[in-house]
Amino acid sequence: MPPRNHSIRAITDPEVRNLELIANSIREDILKMLLTAGSGHSAGPLGMTDIFTALYFHVLHHNPKRPTWIERDRLFLSNGHIVPVRYATMAHAGYFPMNELETLRKFGSRLQGHPEMRFLPGLENTSGPLGDGSSQAVGTAYAAKMDGSSWHTYCVMSDGELECGITWEAALFAAKNQLNNLTWIIDRNNIQIDGYTEDIMPLEPVHDKFVAFGWNVLEIDGHNIRDIINACDRGESTWEAPTVIIAHTIPGKGVSFMECEPSWHGKPPKDRKELGSALKELRTLGGKIHNESL
Amino acid sequence: MSLASAKLVRDLFAKTIKSEPTRNGFGRGLVEAGKQNGSVVALCADLSESTRVLDFKNAFPNRFIQMGVSEQSLAAIASGMALAGKIPFIASYACFSPGRNWEQIRTTGCLQNVNLKIAGSHAGVSVGPDGATHQMTEDIALMRVLPNMTVLAPCDSIEAEKATIAAASIDGPVYIRLGREATPIFTTTNSPFEIGKAQVLTKGTDVAIIACGPQVYEALKATHDLEKSGINARVINCVSIKPLDTETIVKAAKECGAIVTVEEAQIAGGMGSAVCELLSEHLPVPILRIGMRDEFGQSGTPAELLEHYHLTAPWIVKAVKQVLKKKA
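Protein sequences appear in the order of chains A and B.
In terms of my numbering, the first sequence has 94 at position 94, counting the first letter as 1, and numbering is strictly consecutive.
In terms of my numbering, the second sequence has 1138 at position 138, counting the first letter as 1, and numbering is strictly consecutive.
If we strip away everything but chain A, and leave its shape as in the complex, we get (with noise of 0.2 Å):
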C-alpha cells in the first residue's frame, strides 16, 4: 500500500518559535505536577517534551473532543514511565482541564502512575512494562493495513527498551510486513535507571543494528522542532518498510542539575526550593515561567 497522499505541512519559522514556547509550558508543568505527586520520573518526560509537543501541536490528526475518533492517529507510548510529558502535552492540546494535572499518581485519578487506557480516553494504551507498547503499535499497523486505514500508528519509546528480546521480535514482524505506516521514536538519552546505558549493557550502533533489521532508520536532534516534524514527514512519506526515528535527547532538558544525570532518571523535585530551581532554568530555553513557586 503506497502511503497516504497527505503529508505533515511543512512548518514555518514562527509556528516553530511558537510550538518551542508550548514546550517550555509544558515542562514547567511536568515539574510541578511531579512535586505535587511526589514521586514520578523527571528526566524522561524534560527530555521528550519537545517531541510531544511537535506529535500533538503538528503532526498528529487528532481531536481532542473526540478521543476515539476512527481516523486518528494513532500514538502508542512504550515506556510508560514518562507518561508525565504526556499527560502535561495532552492537558494542553484540550484533552482535560489543566488543573487536573494536580491529581497526577493521586488516589481516584485518571492519571495513574503508569498510563491506563481504562481510565483516561486518548491513551492508546496501558503500558509501563517496557517492550509491549511498541509491540502493540505494530500489531495495530498490521491491522490497519489490513483494513486499508490512512492513518498513522507512532510509538515512543525508550533506548532501554532495546534491551527488551521483545522489542527486536516485533522489530523482525514489521520488516517483514513492510508496515510503512507505522513510526518508532526512540528516545535515544542514554541513561537508564541503573545509570548509561552503554555501561548497563551497550547498545550502540542503534542506527546499523535497525538497518539490519530491514528499517528506515532517521536520527534527529530530539529537541529540534522542524527536525522532529521533517522526520515524521520522512516516516509517513516512506514506502517499503516501518521507519524509526532515533531521536537523541538530553534528559532532564532545560533543568542543568538534572541534565543527563542517572539518579533523575526516576525521582522528581524533592521541595519547592528545588522546583524553583528548575523552573529558574527553564528560562534558559526562553518563554515564560509565569511563577516559580506552586
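There may be inaccurate statements among the hints.
As the list claims (entries may be wrong) - Below, computed lysine to any residue pairings styled on SDA-like, alpha-carbon distance capped at 25 Å:
| no. | chain 1 | residue 1 | chain 2 | residue 2 |
| --- | --- | --- | --- | --- |
| 1 | B | Lys-1327 | B | Met-1001 |
| 2 | A | Lys-267 | A | Ser-109 |
| 3 | A | Lys-145 | B | Pro-1286 |
| 4 | B | Lys-1325 | B | Arg-1293 |
| 5 | A | Lys-209 | A | Asp-199 |
| 6 | B | Lys-1197 | B | Gly-1230 |
| 7 | A | Lys-176 | B | Val-1069 |
| 8 | A | Lys-145 | B | Lys-1325 |
| 9 | A | Lys-209 | B | Val-1069 |
| 10 | A | Lys-176 | B | Glu-1049 |
| 11 | A | Lys-145 | B | Asn-1058 |
| 12 | B | Lys-1203 | B | Lys-1057 |
| 13 | B | Lys-1057 | A | Lys-267 |
| 14 | A | Lys-209 | B | Gln-1066 |
| 15 | A | Lys-270 | A | Ser-256 |
| 16 | A | Lys-65 | B | Lys-1242 |
| 17 | B | Lys-1035 | B | Arg-1063 |
| 18 | B | Lys-1326 | B | Pro-1314 |
| 19 | A | Lys-145 | B | Asp-1046 |
| 20 | A | Lys-176 | B | Asn-1062 |
| 21 | A | Lys-145 | B | Arg-1293 |
| 22 | A | Lys-176 | B | Lys-1325 |
| 23 | A | Lys-176 | B | Gln-1066 |
| 24 | A | Lys-176 | B | Lys-1327 |
| 25 | A | Lys-145 | B | Pro-1314 |
| 26 | A | Lys-176 | A | Asp-194 |
Keep in mind the hints are simulated off the structure, nothing from the lab.
Model, not experiment: these values are computed from the prediction.
On the provided structure of chain A, position chain B as indicated by the hints.
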C-alpha cells in the same frame, strides 16, 4: 449409570468410540469463527500444523499471520490488533504461550481487557515422549489468577470446537486449554455448552467427581466401575474453570457431601483449587484432588504417564473410596 440430560454419545464405553485430539476441534472451531466474523484473525508462533491453525490459514490466508518463534510479541502484537478492532487468536504450545508470555498477556490482554484469545495446545503430561519441557501443567494456575481472563478446558474435540466459537463471540481475553493426544469423543453437537456453566453428566448423589479436559471421560469410566460397589457418582464437566459455575458446584457439595477433582495439571492453583476455594467459603465438604502434585512430567507414552500420575479411571475410583471415608 444414570445419565443426566447432557446428550452424550449413545454407547459411551464402546471399544469403537471415536477419538481425536481436542486441538482438532479448536482448528475446526477457528475456521467456523472466521466464517462467522471477518474480524477474526489467527497468529501462530511457528506451530501452525500441530496447533491446527493450518485449517484457518488455508481458509483465510490473508487473515493468518506467521509470527515465527516469538511468543512475547505474539501476545502483544495480537493485543495491538485487538485495539484496532480485530479478534486475534494466538496459538502455540501452552508451555510457550501462556508459559513464556505471561506478562504480555497480563498487561496487554487482561489489564487492557482486549479480545486476546489464547489457544494453548499440548497441555498436560499426555504430550508424551517430548518430555517435561513440553508438558504444560501450570497453565491453569497462570491464567486463572488473571483478572478479566476466561479459562476453558474442553473435554473433547467437539467441546473444543464449541469453546473456540464461543471465545470469539464474547468480549475480553480467553484461554483455551488443548491436548495433543487423541482422546474419546463422548459429547455430541447437541451437548450443552456455555461459558460459565458446568455440565452435570451423571445423576449420582454419593460423591461428585469434578473433572476438566479429557479426564472427564476417565471420570465417567470410574463412575461406571463405582456402580459395581454401589456408589453412585455425579460427574461434572468443569469446562469453564473461570468463570466457575458456583451454583452447580455448591449444589453438588450439598447433595453429594464429598468431592474428587481431576485435572491433568498442577493441583496447586488448578481447577481443583478453584473448587476448594469456592467450597471452603460456601460449603466445606471433604475433597480429594487428583493432578500433578508439585512435580514435573517426563518422557513416556501418554498411557504410561497418565497411569503414573494417577490420572486414569482406576485412580479416580480409589480416590472416591478414600474421600467417602471422610464423608460425615
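Hint by hint, here is what the structure shows:
no. : hint                    : verdict
1   : B:Lys-1327 / B:Met-1001 : holds, 22 Å
2   : A:Lys-267 / A:Ser-109   : holds, 20 Å
3   : A:Lys-145 / B:Pro-1286  : violated, 56 Å
4   : B:Lys-1325 / B:Arg-1293 : holds, 22 Å
5   : A:Lys-209 / A:Asp-199   : holds, 18 Å
6   : B:Lys-1197 / B:Gly-1230 : violated, 29 Å
7   : A:Lys-176 / B:Val-1069  : holds, 14 Å
8   : A:Lys-145 / B:Lys-1325  : violated, 63 Å
9   : A:Lys-209 / B:Val-1069  : holds, 20 Å
10  : A:Lys-176 / B:Glu-1049  : holds, 21 Å
11  : A:Lys-145 / B:Asn-1058  : holds, 21 Å
12  : B:Lys-1203 / B:Lys-1057 : violated, 42 Å
13  : B:Lys-1057 / A:Lys-267  : violated, 49 Å
14  : A:Lys-209 / B:Gln-1066  : holds, 23 Å
15  : A:Lys-270 / A:Ser-256   : holds, 16 Å
16  : A:Lys-65 / B:Lys-1242   : violated, 38 Å
17  : B:Lys-1035 / B:Arg-1063 : holds, 11 Å
18  : B:Lys-1326 / B:Pro-1314 : holds, 19 Å
19  : A:Lys-145 / B:Asp-1046  : holds, 22 Å
20  : A:Lys-176 / B:Asn-1062  : holds, 15 Å
21  : A:Lys-145 / B:Arg-1293  : violated, 48 Å
22  : A:Lys-176 / B:Lys-1325  : violated, 62 Å
23  : A:Lys-176 / B:Gln-1066  : holds, 10 Å
24  : A:Lys-176 / B:Lys-1327  : violated, 62 Å
25  : A:Lys-145 / B:Pro-1314  : violated, 55 Å
26  : A:Lys-176 / A:Asp-194   : violated, 34 Å
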